[in-house]
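Visitor: Those protein sequence lines, which keep their order, are chains A and B. Per this note's numbering, the first sequence starts with residue -19, numbered consecutively. Per this note's numbering, the second sequence starts with residue 1012, numbered consecutively.
I should point out that these hints are in silico values taken from the structure, not numbers from a laboratory. Be aware that a few hints might be false.
What the hints assert, rightly or not - Okay, the calculated bits of chain A under chain B, using three or more residues with CB under 8 Å as the criterion:
#1 5 to 17
#2 105 to 117
#3 120 to 127
To be verified - To give a feel for the contact side, a few chain B residues facing chain A, derived at Cβ under 10 Å:
#4 M1012
#5 L1014
#6 Y1052
#7 H1068
For each residue, glycine too, the CB sits at the ideal point set by N, CA and C.
Listed below, chain by chain, are the residues.
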Amino acid sequence: MTESRSSELWIRIVDGPLDVAAVADFLRTEEAGGVDIFLGTTRKWTGGRETTLLEYESYPAMAVEEMRRIADEAGKCWPILKTCLHHREGSVPLREISVIIGVSTPHRGEAFEACRFLIDELKSRVPIWKRETYSNGEIEWVENREWRMEDGE
Amino acid sequence: MTLRILFFSVLRDRTGEKEIEITMDPPVTTGDLWHHLAQTYAAIAPYGGSVKLAVNHTYVDDRHPLSDGDEVAIITPVSGG
Chain A
-19 MTESRSSELW IRIVDGPLDV AAVADFLRTE EAGGVDIFLG TTRKWTGGRE
31 TTLLEYESYP AMAVEEMRRI ADEAGKCWPI LKTCLHHREG SVPLREISVI
81 IGVSTPHRGE AFEACRFLID ELKSRVPIWK RETYSNGEIE WVENREWRME
131 DGE
Chain B
1012 MTLRILFFSV LRDRTGEKEI EITMDPPVTT GDLWHHLAQT YAAIAPYGGS
1062 VKLAVNHTYV DDRHPLSDGD EVAIITPVSG G
């Protein structure tokens, strides 16, 4: 496991199940009127293909740093009180959670917007890769369409 | 100078390497390094249009000057989430 935790920001990459209750508990605070939590889960069907095995690998040291940079950027746009970015590694069975994004803010509107920004940026930048094994035997490293070459800053 | 190169995902499959050390004569940019790697491992050359390089955990462009001891990761399109 690779982890970075302060009172406002909790980042983890874990080889095993993710804990939604712990995230909800971390995010709640007296200043917050809204907590927004997004869960990404393993889907059985993509197009016409049936997933039988889904595995994630990461570059943990950079992934944690990149997640921190994304959280910092979100903090400049919305009045975020607390943020969680948790990602699972290794195999993730169908229906189980691969990623948790959570934020707490004073009001709900900014929580929804910040949460959407965080998951979209994670999918475009954080060095984590997904390998799908399909029921027809095909194995594929997936590429997120959010990957943007023009951003090689 | 000596550089530590990390491969992940499809490039690890193609090179058969997770991590290598290479020695090059300075000055070397990230673009020079990619050119060298694509010659050494022909199987990764087709990915040149979609990879980004990260030096010491930060994305850089292909003109970034490298220093002795740098850790350079070759990042193919990510698929987290």
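Visitor: Determine for every hint whether it applies to the structure shown.
Guide: How the hints compare with the structure:
Here the stretch 5 to 17 of chain A counts 0 residues with a CB under 8 Å from a CB of chain B, which misses the bar of 3, and the coverage is violated. Beta-carbon proximity to chain B at under 8 Å applies to 7 residues in the stretch 105 to 117 of chain A; the threshold of 3 is reached and the given coverage holds. Coverage of a stretch by a chain is defined here by at least three residues with a beta carbon nearer than 8 Å to that chain's beta carbons; for the stretch 120 to 127 of chain A and chain B the count is 5, and the condition holds. Residue-level restraint check for B:M1012 is violated (minimum Cβ-Cβ distance to chain A is 21 Å; threshold 10 Å).
For B:L1014, the interface hint is violated, the least distance from its beta-carbon to any beta-carbon of chain A being 16 Å, above 10 Å. For B:Y1052, the suggested interface contact is broken, since its CB lies about 17 Å from the closest CB of chain A, more than 10 Å. Hint on B:H1068 holds. Least Cβ distance to chain A is approximately 4 Å, under the 10 Å limit.
The structure fails to meet hints 1, 4, 5, 6 from the earlier list, while all remaining hints are met.
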